[in-house]
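Asker: Protein chains in written order, with this note's numbering: chain A, 81 to 805; chain B, 952 to 1107.
It is worth saying that the hints were derived from the structure and are not from the lab.
We treat Cβ as the ideally placed atom computed from N, Cα and C, and that holds for glycine.
Hints should not be assumed to be uniformly reliable.
These stretches of chain A come out as covered by chain B in the derived footprint (C-beta under 8 Å, 3 or more residues) [unchecked claim]:
#, region
1, 153-161
2, 289-299
3, 422-433
4, 716-725
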Amino acid sequence: MKTSNELIHPNLNSSRRDFLRNASLLSGGLIIALSLPACHRAVPPSKMAGSSQPSAWLRIGTDNKITIIVDRSEMGQGVYTTLPMLIAEELELPLSAINIEAAPVGAHYVNDLAGGQLTGGSTSTRDAWEKLRIAGAQARMVLIEAASRRLGAPATTLWVKDGYIHGAGDARLTFGDVAELAATLPLPSPKEVVLKKTASFELIGKGAARLDSPSKIDGSAEFGIDVKLRGMKYAALIQSPVLGGTVQSVDSTEAVGMPGVVKILTVGQGSGVLVVATHYWQALKARDALKIVWSPGARLNVSNATIRAGLKAASSGNGLSARKDGDALAVLKSAPHTLSATYELPLLAHATLEPMNCTADVQASRCDVYVGTQVQQMAQEVAAHAAGMKPDQVRIHTTLLGGGFGRRLETDFIPAAVEGSKALGAPVKVIWTREDDMTHDTYRPPAYDQIVAGLAANGDIDAIHIKITSPSVTARLFPSPDSNEVDSFAVEAAANYLYDVPNIFVEYVQHEVGIDVGYWRSVSHALNCFVVESFMDELAHSRGVDPVEYRRQLLKKQPRALRVLNEAASRADWGKTEKGHFLGVSVMEGYGSYLAQVADISLDASGKMKIHRVVCVVDCGIKVNPKIVESQVFGGIVFGLSAALWGDIHIEGGEVKQANFDTYRVLRMSETPQIDVHLLDSTETPGGMGEPSTALVAPAVANALFAATRKRLRTLPFAGQIAIA
Amino acid sequence: MIKLNINGGELEADMSADTPLLWALRDHLGMTGTKFGCGKGLCGACTVHLDDQPVRSCSVSVGDAVGHKIRTIEGLSVDRSHPVQKAWLEIDVPQCGYCQSGQIMAATALLATNPSPTDADIDSAMSGNICRCGTYPRIRAAIHRAAELSREATAK
Ligand code: FES
Ligand code: FES
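Just chain A, with the same shape it has in the complex:
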């Protein structure tokens, strides 16, 4: 079975390009499905032949082609390597033998930690940790059972190694040799499965090279923006400059006659105009020639000033309790001393390097969508709606993502491609320009946060009240029917306040600001860690105690946090700093991982800050692939530092004022400090590592700046408050 629009690959000798195509061309013949887990028993080969989608994580062909179907989106965090490693570990399979395919939409691809087929929240490894190892072990057992029948030897005398099933003497079979037989045997139940002991891991814990790297160094890796279908047209979308505005009238007289233009249509219930052309450059030029009158809609009066004033006003009201230990409010009333501070955080754009894009191919009774998405099911629903079809008529082909960071948890860039393709009767690829992407993001929530500590006469903290006021991403994307439910993604790194304080009250005031906000790498950890860890520093300094020592005293009951703190302090030579250098520290638990960071800065004669080094110590439990964990720590710190130094989206008259990397500055190589990452050995269950390091760098730098200047920066970004070298 071939799809009518077979993907056209200019570089056919690159097998890695084929993952997309395989997902749609999976067909009978030699392919036998070994479908896991047990609750989704193998689809009989006859059915498989007619099916276009495999049903779980592993497929072994009678030709011994071994394919692992990865149900999380590869956006740089390494899931196309770490998830296959979990299966391969139990199957004793060399990674070089594995082909990777992106999973279609499917019930068994649901992320149990996220409640949907979703890549985010640093959940991929945590969700897969047992699931995929069990799947690998089940496959191992059933392959051995099949080999036992084939060889007439007891299963207990057989073993798998290096991708073969071995038996006494020279007996050796490939997985493919027994795949057909194995597919007819019952899978052992997960309870019967015996997983390998940690000590005998051969892949887990070692830094295997990423399986997607070869395609990413020769230009053959296929991102959404690279998808090419036969007969495909390119489209540029124009959306209202005022967020949420709609088209009042379009004058396309000039544009319609321009070279290459094939169609101009209003899409997205009037939210935009799509210009479809033979080539993208033609579409862009024609887009410039459109004369559109927009109805600005309700957001015309939204600006940074109104957002800030609204948050501040809301912050004086009562919120919901995210954590209550003891009675912090009562203790605060009678505390001999209190220390309080207010912190403010700006809106931020995601700015993935690959701008939003989507390719759709709507046919009479089906719709194929090729897209870099973090939410396959939601993408399917949105596309079905736009196509006027049922979700099961829509196939989502997940490409590689040129960065996700939470932006591709949204589906706003999908409908226009579907509508365009439907109107045209041909595949259409919509590409957003950088300007489209930056001015029509779902921005990281701004916040107005108040924090107050009640201190005993001896200076001990008796109570702490953290009051967070911000809009809720979850309320828009995954609304809860219970209005008294706190958005747990708004109070991270606060509700799990680590320090030993008897009375803790974490309060959340949800206040919508009139702009759509979105999940942004490390979500609210990055907001609240800045507040809490800056404030812990304020408390330490107010008592004249060293900030590391101060935290140590309060982390005695948190051995993992204490360990990363001590290790970071020692690796950063805390207390032995070179003259002219200043250190700042931060500690956090997030996604089941514990981290500590120390920033090392100096100021030149003119007062310009230079960040020399960031030390980050991590206890993330068992590290499935330490090299990938390390790269995620680098990445998070660079991402967090970009935001801390410069990240600031301005809204005026409902329009976003930053449009490209000249006005929305991000870290470049010359601005990147030395980053020293130390991963501690641990036998704890793996924690998430795609995000948390992002959150600690702003407070570490702010605390170093205080050490250097005695000036406390309680607002982000730092630019405008201090000169940056």
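Using the hints provided, position chain B with the ligands relative to the given structure of chain A.
Answerer: Chain B with the ligands alone, transformed into the frame defined by chain A:
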């Protein structure tokens, strides 16, 4: 018809002379290894070589590229054997990978004129190339490693 010299061969396509080289490569000629990131010369994702110099292909029109030698990521080697590609694999640089074609083209141009760059040389040659995934520490290590591999190769 516009005729371009790309990766040692002549390719031609029907397009207007003001078409940016980036879109000519990607849409007209099917070479999608060169990426679109900003369209304004700010991010480096579209870096290719024009007569061995790194240029931002989003900011060069095909009209201006005519008569010049263009090299793209696809033309660096047929088997990922360029020392920069080898070093990139050894250090396992890419994360999402989207910026990497541009990074590699910038790095190969640097090493062609400066076989033993210092950290400062690397910073100045590479700072036009944004990586939102933060692969900078590994890019720097990989450029040093590529320099080493090239030296080893010439010593042989
Ligand atoms: S796309 Fe050319 S520099 Fe960004
Ligand atoms: S690897 Fe993702 S932008 Fe560089």
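Asker: Hints numbered earlier in the text: which of these fail when held up against the supplied structure?
Answerer: Violated: none.
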